[in-house]
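Novice: Sequences are here, hints too, so could you generate the full structure?
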Amino acid sequence: MMRFTIKIFLFFLLLINSQANENSYHESTQKLLYINKNVIAIVTESYSYGGGAHGYSINYYQNYDKDDNSLLSWEILFKNNEDLFNFIYQQVKNKLADKDYIKSFSEVEQRKRLSLFKEIGNFSIQKEGLCLWP
Numbered sequence: 167m168m169r170f171t172i173k174i175f176l177f178f179l180l181l182i183n184s185q186a187n188e189n190s191y192h193e194s195t196q197k198l199l200y201i202n203k204n205v206i207a208i209v210t211e212s213y214s215y216g217g218g219a220h221g222y223s224i225n226y227y228q229n230y231d232k233d234d235n236s237l238l239s240w241e242i243l244f245k246n247n248e249d250l251f252n253f254i255y256q257q258v259k260n261k262l263a264d265k266d267y268i269k270s271f272s273e274v275e276q277r278k279r280l281s282l283f284k285e286i287g288n289f290s291i292q293k294e295g296l297c298l299w300p
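In terms of our numbering, the sequence shown is residues 167 to 300.
There's no promise every hint is true.
As the list claims (entries may be wrong) - The calculated DSS-like cross-link candidates involving lysine-lysine, where the alpha carbons are at most 30 Å apart (straight line), are:
1) K203 <-> K284
2) K259 <-> K269
3) K203 <-> K293
4) K265 <-> K293
5) K293 <-> K197
6) K293 <-> K232
7) K284 <-> K232
8) K245 <-> K278
9) K245 <-> K259
10) K265 <-> K232
11) K261 <-> K245
12) K245 <-> K293
13) K284 <-> K269
14) K245 <-> K197
15) K269 <-> K232
16) K269 <-> K197
17) K278 <-> K261
18) K278 <-> K293
19) K259 <-> K293
20) K197 <-> K284
21) K284 <-> K245
22) K269 <-> K203
23) K265 <-> K278
To be verified - Using C-beta positions, here's what the derived DEER-type ranges look like:
24) Q257 <-> L237: 23 to 29 Å
25) N189 <-> D231: 17 to 23 Å
26) T210 <-> D233: 21 to 27 Å
27) N189 <-> Q257: 29 to 35 Å
28) I286 <-> D264: 24 to 30 Å
29) S236 <-> D264: 15 to 21 Å
30) S190 <-> T210: 26 to 32 Å
31) G287 <-> G216: 17 to 23 Å
32) Q257 <-> S194: 29 to 35 Å
33) E248 <-> G287: 20 to 26 Å
34) E294 <-> E273: 29 to 35 Å
35) G217 <-> K245: 45 to 51 Å
In case anyone wonders, no lab produced these hints; they're calculated from the structure.
Because the structure is a prediction, the values reported are computed rather than measured.
Backbone N, C-alpha and C define an ideal beta-carbon position, used for all residues, glycine too.
Specialist: Here you go:
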């Protein structure tokens, strides 16, 4: 009986997965955002739909050194400048201070979540300057 039950379960799992795959969709594009003598900035825009009520989109920002094509991290660009980090953190916090999803966290957790702007993928150098997506 156990083998029969497992076979039926696996059959339904395969059936569900095959139906989800027929309705799923994914696309990804890359765009050049900015280029100067030192930096190339691109964004990868991705959209996925798994067959549910709505899809999911995400933008992932990358900055490259034009000379050696290396990916530029926050630490490489800003040398762990705490004054700059604290200034930007405070600006982000002030902008989001009245949002319920931020107010519900402790100060320590807020700092952790609002500091994500310095992760690769969340900031970009552009013509207007440094752009953040916290």
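Novice: Is the distance from the Cβ of N189 to the Cβ of D231 consistent with 17 to 23 Å?
Specialist: With a Cβ separation near 41 Å, N189 and D231 fall outside 17 to 23 Å, so the hint is violated.
Novice: Just to be careful, I want the Cα atoms of K265 and K278 compared with a cutoff of 30 Å; is the pair within it?
Specialist: With a Cα-Cα distance of about 16 Å, the restraint between K265 and K278 holds, given a limit of 30 Å.
Novice: Quickly compare the C-alpha distance for K259 and K269 to 30 Å and report which way the hint goes.
Specialist: holds (10 Å)
Novice: Straight-line Cα separation of K245 and K278 no greater than 30 Å?
Specialist: holds (19 Å)
Novice: Take a look at whether the Cβ-Cβ distance between Q257 and S194 falls inside 29 to 35 Å.
Specialist: The hinted range 29 to 35 Å holds for Q257 and S194, with Cβ atoms some 31 Å apart.
Novice: Look at the Cβ atoms of E294 and E273 and judge whether their distance stays inside 29 to 35 Å.
Specialist: holds (31 Å)
Novice: For the pair supplied as a hint, K269 and K203, is the alpha-carbon distance within the 30 Å limit?
Specialist: Given pair K269, K203 is violated - Cα atoms ~42 Å apart, limit 30 Å.
Novice: Would the hint linking K259 and K293 be met if the CA-CA limit is 30 Å?
Specialist: holds (24 Å)
Novice: For a C-alpha distance cap of 30 Å, please report whether K203 and K293 respect it.
Specialist: Answer holds: K203 to K293 is near 12 Å, not above 30 Å.
Novice: Going straight from one Cα to the other, do K293 and K197 come out at no more than 30 Å?
Specialist: holds (15 Å)
Novice: Does K284 sit within 30 Å of K203, going by the straight-line distance between their CA atoms?
Specialist: With a Cα-Cα distance of about 23 Å, the restraint between K203 and K284 holds, given a limit of 30 Å.
Novice: Kindly confirm whether 29 to 35 Å is satisfied by the beta carbon distance between N189 and Q257.
Specialist: With a Cβ separation near 42 Å, N189 and Q257 fall outside 29 to 35 Å, so the hint is violated.
When held up to the earlier numbered hints, the structure conflicts with 10, 15, 16, 22, 25, 27, 29 and 30 and fits the remainder.
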